[in-house]
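Colleague: Under UniProt numbering, residues 1 to 1209 are what the sequence shown spells out, in order.
Among the clues, some could well be false.
[Claimed, not checked] Taking lysine-lysine pairs in the BS3-like style, the calculated list, with each CA pair at most 25 Å apart, reads:
| # | residue 1 | residue 2 |
| --- | --- | --- |
| 1 | 1044 | 868 |
| 2 | 983 | 998 |
| 3 | 1171 | 864 |
| 4 | 1074 | 961 |
| 5 | 436 | 403 |
| 6 | 1017 | 1007 |
| 7 | 1005 | 983 |
| 8 | 1044 | 1005 |
| 9 | 1172 | 1187 |
| 10 | 1086 | 1074 |
| 11 | 137 | 148 |
| 12 | 403 | 415 |
| 13 | 415 | 374 |
| 14 | 956 | 1129 |
| 15 | 374 | 131 |
| 16 | 1187 | 1086 |
| 17 | 40 | 209 |
| 18 | 190 | 149 |
| 19 | 956 | 969 |
If you are wondering where the hints come from, they were derived from the structure by calculation, not from laboratory data.
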Amino acid sequence: MTKQFEFNWRIPVPEPLQTGDYFDCWDEECGAFEPNCLVKVDEYGFFIYWKSEGREGQVLECSQVNDIRLGMVLKITDPKILAELQEKSEYSIDQRTVTICSGLDLVNITYTPMVGRDPETAKTWFEGLRKITLNTKANNVCPMTQLKKHITRTFASGKTEKMIMTCLKDLGLPSGKFDEIEPSAFTFDKFYELYHKICPRSDIEELFKEISSDKSYVTIQHLIDFFNERQRDPRLNEILFPFYNRSRILQIIQVYEQNSEYVEKEWLSMDGFCRYLMSDENAPVFLDRLDIYMDMDQPLPHYFINSSHNTYLTGRQFGGRSSVEMYRQVLLAGCRCVELDCWDGRNEDQEPIITHGKAMCTDILFKDAIQAIKETAFVTSEYPVILSFENHCSKFQQYKMAKYCEDILGDLLLKRPIEGHQLEPGIPLPSPNQLKRKILIKNKRLKPEVEKRQLELFQKGISEVSTEDNELGDDPSILPANVDGEEGPLNDADNESSSSSSDSGQLDDEAAAAAVAAVSSLPGSNLDPTGANVDTEAHPELVIGKTDAIIIDADAEVKKTSIKISNKKMEDMLKEDVPEGSLTADEEMMLYSSYHYTGATTNIHPYLSAMINYAQPVKFQGFDVAEERNIQYHMSSFNENTGLGYLKTQAIEFVNYNKRQNSRIYPKGGRVDSSNFLPQIFWNAGCQMVALNFQTPDLAMQLNQGKFEYNSNCGYLLKPDFMRRPDRTFDPFSESPVDGVIAAYCSVQVISGQFLSDKKIGTYVEVDMYGLPTDTIRREFRTRVVPNNGLNPVYNEEPFVFRKVVLPELAVLRVAVYEDTSKLIGQRILPLDGLQAGYRHISLRTESNFPLSLPTLFCRIILKTYVKQEFREFVDALSAPIQALSMAEKREKQMKDMGIDEKDISDVPVIRKHHEKASNGQISQSQQLPANSSGGAKKDDRKVEDIKFEVVTRDKLCQEKLFLKLLRKQQKDVELMKKRHQKERGLMQRAHCTVVDKLVATHDKEKTATEKSVEKKLKKNRDSSTDLKSQSEGAVLNLVTDHKAKVKELVCDQTREWSDLVVRQVTEEHELMKEHVRQQNELLVKLIEEAHQLQLTELEARQERENKELKTAQAKHSMDSSKAVQNDKTIKNKAERDRRIRELKENNMKKFIDERKRYAVRHSRQAESLKKSHSEQMEKLMKDNEKAMEMAEMAHEEAKLATKPETVV
């Protein structure tokens, strides 16, 4: 590690265990009794070994010890041995016996009873052994520590043995076939030398030569470069995980270099380098992950929970054997959710039993299982255990179950909700920390009011409710459907609804009350509790009728055959001492076909119901219903087929459901061989309890045990952040990186193996990855077979590259070694988020995940952030800017030396050749990014954004032909009006002149007549001429005055008439002008709308052309990139080529969609911008039109003001 980390894997061995004590040992396998054995434990806690006088010693590796128990687990039947043991002490044998349970799987357990002298000794050894044997960290020690465990180990016979003898002779140790080596002479250093002679590390030697440039030592600077460049994950935080520096390298030299002269010179030799590579500091995973490193204060649904299915079975689901021991082994292995299928016992004592009902499996007592659970529930982990009841019992035996849970489990049983986490909608479940050392029961629960009423009746002594089986309880018209049951073999299709629990998790109030009343009203209420009930009987084949045999017809219409199976044979099969497979193949097939699953009961005893709290099973009615109700203590179970169906149709909803509530997935009924489904697909959806058959050590169990080994094997793993937060959306089938999660690049190069087998066999290695579907790569990467070398094969394969790991937090790496016959030698599951980069030794495990001591693989692991090929040079330049700049500066200096001035060098973009291709088969950036594609995105953006249209103004519209035509027409109308007005004025002028002329003529005529008359009178009357003259003058004067008055009156009339004419004509001219302006405005609006429509049409045409060009470029790019991958000779694996093409298509599709979205956004923005411009232009035009109309009004007002009364005289 970059920082020094002290891996405290050792648990101090108590002094009494190191000193040893005498025990009488019993060998279960051979039945041998070995008295007075000196039993000891080595100082490291690796082995328990014992030896009696005159016999060879025996050794038991502590990593293979599953459990330590007080008391005699096995019953010794030999009376002589029993008598001998009893005579040695006054205490009973059970009181002073410690039993060691060991094995390499969870089913085949070997019991080694050791009888001590007194109970105190037995208790001391029990406590001491249990403490040192349950040490998960010791299973992860480095190869160097593993060598310490095998100082005394011998190897296989034949040539290998001869080689060992030769090596011992070279070391100066006794090497004869019958020679003995003193332990004091055979030190660890001698054994380490022997190790390198037997298993030469030429692989490390070659690496050392590469680093040291063929020298015998490596300097500090070379080591700094090596550790920072090859041994460090570049993704690590530089503050939390600083780079290696001089002081850190000196620490490594001082710890691992054995040559004092080299230490003084600050050198590291080949031996020191090898010791470092085999040390705890060079572990393949971060060793702090073996402690509790996760936040354990989150609600329970935020964790993956290690879960078991049909825990009691040791083998097959049909005709299998049940064992209490399985509960112990499963809980000790870290499981936190176990299953108990509860049925009515058929014996007279009416004890509830656990079995796979109606599947010909043997029985165990319910109370024995509860006792085993109590003893082992919190040995490995203190975090809560969930007991998943599949309850088929009558109410009478349900009460017994509840009492056993209460009496045996005591304070461990959580019977009431804890403070702050009441059973109310919206209230989150408590955290694992809050539920430490608590056992929860998962079972159907009554409605609170029904439960309360029935519990009160029960407590008052109305036994009918509590002790009698309610015959109406299974009536579908009264009670809901079956709950939380699991379909049996070959009945998946018929029991699809039984994959989940009842619809509300609580019995109907009225139905429950009716059931209680019906039972209470039965005459005498003396139902026979020993009577067979089809729904509660686990083995109806033994109670159906009174005949001596059962006839099972299979496909009678076709085969017309039947098989008889005697009751005696049935009963024999149910005994635990009868091995599986005692039925013939035909009998087994007939039983399969006759099997019919019966769901769990809904008739729950109130005493048991009151113990249920945070794990209440309900029938699943849909994700929307669950979200609406938001009852977080409700949970549902799904078989694998149903779960896959929901994942197929509603994956995101399934993930969201698992953020609030627990879900349990279990194997389909067709897995009669107890095989397992791959749990990864359901972990990807956030399912908490993915229940597996722990008795089957297949790939699925290896993944499960390997995953849950971390976080101190406590059985709880915190889900990633995006699978817990309600504001995040996660698709478990996503093929693109999740928001906030950086995709990873992982490369594994298998270099060599060490001590893979003691046989001369061929071996090969497979490297797989499991995670999201897009991250899962199986059976593609395997090395060549190295023949006839199981000791130290050298593979030196090309790296196996996992180029793009979308979700590293959920991904695990599996490394497995096989014989050339495909038999598994060892495997290891490594979580990718805890993996360390560099040259690492990977210690292997058995198929049951037990550690193998010496077998290791030496690999080089490269981890970094996933970067697309087209961006790698850019990222490399960012990660090493000095190096990138130095190359450019070097070239600049070379040009300067040639006489080229620095000012003459322009800054230009980097453009690759069109035919240039990347090393991994992807085309170059310039080829990947066509003109209208991503490569020209910025330029294209600028080009598209710069699309401009001519601004449509009023002046430009006035130059339009239609507008000019309208102006000409309006001009003609004006001229016609003016002519008409002129004509009207002329006519009025002539009429006025005529009237005036007449008036003047009349006046002149009258005046002349008057004057003539006066002259005549003067001539006649000369005497009175003066008077006449004055009279005549007065008459003329009167005539003239009267004429003037008439003229004045006429002028007034004519002036008024002329003014009216002028006003009327001005008004007509104004109205015509207004009409003309209105017509002009309407035409301008029409013209501008047409112009705008033309611009929009032109824009759409341009955009359509751009889209076509983009699609053409994208299609060409897709074809070119696919051809590039197809023609890439560096890809040798067809599956890898297909994956590259698939990933390329996916990336192209995403990129193409993004480009089209970007174009659509641009086009939308352009259209909006153009419409906005049009709106502004229209608004301006409307304002100009209003101004034109206002100007016409103003002209009219001016004309009206300028008009004066006038006449033509």
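Colleague: Now, for every hint given, state plainly whether the structure supports it.
Modeller: Against the structure, the hints:
With a C-alpha separation of about 113 Å, the suggested pair residue 1044 and residue 868 falls outside the 25 Å cut-off, and the hint is violated. Between residue 983 and residue 998 the alpha-carbon distance is near 22 Å, which keeps this suggested pair within the 25 Å criterion. Restraint check: the Cα-Cα separation between residue 1171 and residue 864 comes to about 49 Å, which exceeds 25 Å; the hinted pair is violated. A distance of roughly 21 Å separates the Cα atoms of residue 1074 and residue 961; the hinted pair therefore holds under the 25 Å criterion.
In summary, the hint linking residue 436 to residue 403 is supported, as the alpha carbons are separated by about 22 Å, within the 25 Å threshold. For the proposed pair residue 1017 and residue 1007, the alpha carbon gap of about 15 Å is at most 25 Å, so the pair holds. For the given pair, residue 1005 sits about 32 Å from residue 983 by alpha-carbon distance, which is inconsistent with the 25 Å threshold. Between residue 1044 and residue 1005 the alpha-carbon distance is near 15 Å, which keeps this suggested pair within the 25 Å criterion.
Annotation: proposed proximity of residue 1172 to residue 1187 holds, straight-line Cα distance about 22 Å (limit 25 Å). Simply put, residue 1086 and residue 1074 have alpha-carbon atoms about 18 Å apart, close enough for the 25 Å limit, and the pair holds. Under the criterion of a C-alpha separation no larger than 25 Å, the hint pairing residue 137 with residue 148 is consistent with the structure, at around 16 Å. A distance of roughly 12 Å separates the Cα atoms of residue 403 and residue 415; the hinted pair therefore holds under the 25 Å criterion.
Distance restraint check for residue 415 and residue 374: the Cα-Cα separation of roughly 15 Å lies within the 25 Å cut-off, and the hinted pair is therefore satisfied. Annotation: proposed proximity of residue 956 to residue 1129 is violated, straight-line Cα distance about 65 Å (limit 25 Å). Distance restraint check for residue 374 and residue 131: the Cα-Cα separation of roughly 18 Å lies within the 25 Å cut-off, and the hinted pair is therefore satisfied. For the hint pairing residue 1187 with residue 1086, the CA-to-CA distance comes to about 18 Å; that is within 25 Å, so the pair holds.
Note on residue 40 and residue 209: the hinted pairing is violated, with a Cα-Cα distance of about 45 Å set against a maximum of 25 Å. At most 25 Å may separate the alpha-carbon atoms for a hinted pair to count; residue 190 and residue 149 meet this at roughly 14 Å. The straight-line distance between the Cα atoms of residue 956 and residue 969 is roughly 19 Å, inside the 25 Å bound, and the hint therefore holds.
The structure is inconsistent with the numbered hints 1, 3, 7, 14 and 17, although it conforms to all the rest.
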